[in-house]
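K.L.:
These protein sequences, in sequence, are chains A and B. In terms of my numbering, the first sequence opens at residue 1 and continues consecutively. In terms of my numbering, the second sequence opens at residue 1001 and continues consecutively.
Since the hints were derived computationally from the structure, they do not count as laboratory data. Take the hints with a grain of salt, since some may be wrong.
Stated by the list, open to error - On the chain A side, residues computed to face chain B include the following (Cβ under 8 Å):
#1 Pro46
#2 Ile165
#3 Thr166
#4 Met326
#5 Gln365
#6 Asp368
#7 Val372
Unchecked claim - Simulated pairs of lysine-lysine, BS3-like, Cα-Cα distance not exceeding 25 Å:
#8 B:Lys1119 x B:Lys1286
#9 A:Lys180 x B:Lys1075
#10 B:Lys1064 x B:Lys1075
#11 B:Lys1119 x A:Lys410
We treat Cβ as the ideally placed atom computed from N, Cα and C, and that holds for glycine.
So the chains spell out like this:
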Amino acid sequence: MISFLIRWTTTTNHKDIGTLYLCTALLNMFVGGAMALGIRAELFVPGLQLVDPNFFNSLTTMHGLIMLFGVIMPVAVGFANWQIPLMIGAPDMALPRMNNMSFWLLPFATLMLVSTLFMDGGAPNFGWTMYAPLSTTYGPPSTDYMIFAVHMLGISSIMGAINIITTIATMRAPGMTWMKLPMFVWTWLVTAFLLIGIMPVLAGAVTMMLFDRNFGTSFFDAAGGGDPLLFQHIFWFFGHPEVYVLALPAFGVISQIIPTFSRKPLFGYRTMVAATLLIGFLSYIVWAHHMFTSGMPYGAQLYFMIATMLIAVPTGMKVFNWITTMFRGSLSFETPMLFAIAFVFMFTFAGCTGVMLAVAPADFQYHDSYFVVAHFHYVLVNGLLFAFFGGVYYWYPKWYGRMYNEGLGKLHFWLSTVSVNLLFFPMHFLGLAGMPRRIPDYSLQFADFNFLASISAFIFGFSQLIFLYNLLVSVRRGEPATDRVWEGAQGLEWTLSSPPPHHSFQTPPRID
Amino acid sequence: MVSLVRLLTASLLLSPALVAAQLNMPRGVTPVSRDIYDLHMEVIWIVCGIMAVVYGVVIYTLIKHRKSKGAVAAKFSENTPLEIIWTIIPMLIITAILIPSIRLLVDMDDFEAADLTVKITGHQWKWQYEYLEHGVGFFSDLSTPMSQVLGVDQKDEWYLLEVDEPLVLPTDRKVRFVVTSNDVIHSWWVPALGIKRDAVPGYVFEAWARIQEPGVYRGQCAELCGVNHGFMPIVVKAVAPDAFDSWIAKRANLPPKVSSDSGWTMATALERGAVLYDQHCGACHKYDGSGMPPTFPALRNSSIATSTDISRHIELVLNGVPGTAMAAYAPQLDDEELAAIITYERNAWEHDTGDLVMPSDIQARRR
């Protein structure tokens, strides 16, 4: 037992750390998911039944923070740890000890975050966006713990990003030129630069919060000459690129899965790279589209509307390229491909509602309503989470040398796809009809769709147990996987054994 | 668990025949809301078109190019003209959306030549309206009783969307709103007027409406503003201009409310106090006075509510505690209401101090 603990706490192996990241994310997914089910249970019918409004606000806040910082980000980093060395022909990450540290900050930061639920005055209750002055003057004492946790998560992310950039820049196999990098590696390279750009900004924002709360400064306090809108600008300068920090690795996963099961190379590799870079750049300069109703001069509204819509162009290029990759391919529908196809459908839809939200005048009706909730859940759950599900099924046989159970995988896919749409699609209607987000109780005209959404949420939530069961059982009982695993798989990782040797590539492969 | 199930079924049964669920954005009753609606529909049709094309191609591919049907993969992986086309087409679509959007944005930003200015101030958790030209002002509070929220009583048709005093506005006149906040950020959202304006402390933001049809229009606070964010609705009552003129004249000439101690007994004070406490204090200090310490202190057995020094209690409620969530209630409630609440707090939850606070006690301590 002790040797087991020492092995896993001191490991510097990229595969072990990748597995640790993925397991942590999986665990957190059930924690954050339980909170979501708490929210949906309260919203099942009108009236207050299960939780009081303050705890409801804590639930929405913690659900958001945990799902973003504890699930989607670690999943993406887990994929990076596992896949980048395998895909570029390296023995490990460039900075293995730092890799260990950046992982081990994560569970403790998450624990500290979750522990706020049990503190006097309750957990942070001002939404994951932490808008001042609700989070400063009016925030519960546990807010300071949340700030510390966010700092730790930020340090962890920055170290991870430095590691990834260094690995990609210095450890590519001979002949692996930049324009031969697998798409997943490209997307993570851009993501890592985004992380280094934005995490210090978030750290700055929460540090100012800390000072306003404890040391008498007035960065965000109008009564002391500060500016509540300053917080929003700083927060969204972090917050919008953060969306692409989450999205780009998912795009990378999809760009690996679709060619494999289409038995056809990725269409338009060079435009895919260009689109990734362009999305990375644009993501930095569109933040205030989250603030159209916050109060902005007309010129600023105009600029942020136009810049935001421009993102649709490179994102569209990506979707068109995926579709053209499938076009005239030889398609087969194993579980990873099913998730990838569902991603293409639902992410395209989320992109379309994104364009709607970018229309500044109309955003005055959409903003802070359930329409927005529906939109970003389509991006994050129906889109990104599905991409990562697909990625897990895709690489699981390579990682652990055993096939998952295909039948259970398909059952997981179909149950999830049907229920997740019944869960989030009606929320568009709720938002258009006027239901604000983050409310624990609602008027009667919103009852039908909330009822439907709550039931679907429970089906979706419990469907994930099939996923968990499949992963756990298949590690020992799954059929042994071949080296190539998938008929159409291309790339260096498939030239190694399944599971790959401890130090991946002992001698660098040659790429022509 | 059994009680939980019973609670759920009870709340279901208590809901009256549900209002038919609305699917789309309301078209609204102002030029701006109607333009927003038209723009919204235009963009919806455009994105439906995009989705039809994209999904059409995907579905075609999924059916035609299956390996199980013997499809053999082609080898192509690049096509420059095609890629240029699908870069240019989205640009054109964006331009088509931007032109009407920019025009509407200009229109929404035109606050000139207003016939009437209403100042809207967000408070935790109520709205304050002031007709700046007429010297009329009042607070507008949720009027749905807690008993409906907790499922004891049947929920009304306008459950959570009803207030004690609505904002009355004239039709066919340009009303300018100036929006600000007294504490945290709120957002004044009435879908039918096409207005959503964040109320930010330290800022005054503008919006305008020219209501074209008389009626009652409802909305809610749209920015998370604390515990009772879900319980601060907005009700706008639009009436014909002459009806508005006579209403505002009557409202402006209302004699100032004089509080009187006559007939003020423990029974009346406690009865009113219990209702008012739930309405104004219960969200934070809890209906049983236990509070949510340390942010919202418990009143039950607190020194403030039980010590013999009543003036401390009155001062605290009147002026609030700067730098905390405790607001000043002097501007929000009248002497009788405050006397009732404080009397209730001093006698509820086995406090039984027997203190009866008189309206004149409040009057004397107002600054």
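K.L.:
Now tell me, hint by hint, if it's right for this structure.
P.N.:
Checked hints:
| no. | hint | result |
| --- | --- | --- |
| 1 | Pro46 | holds (6 Å) |
| 2 | Ile165 | violated (28 Å) |
| 3 | Thr166 | violated (30 Å) |
| 4 | Met326 | holds (5 Å) |
| 5 | Gln365 | holds (6 Å) |
| 6 | Asp368 | holds (4 Å) |
| 7 | Val372 | violated (10 Å) |
| 8 | B:Lys1119 x B:Lys1286 | violated (31 Å) |
| 9 | A:Lys180 x B:Lys1075 | holds (18 Å) |
| 10 | B:Lys1064 x B:Lys1075 | holds (17 Å) |
| 11 | B:Lys1119 x A:Lys410 | violated (58 Å) |
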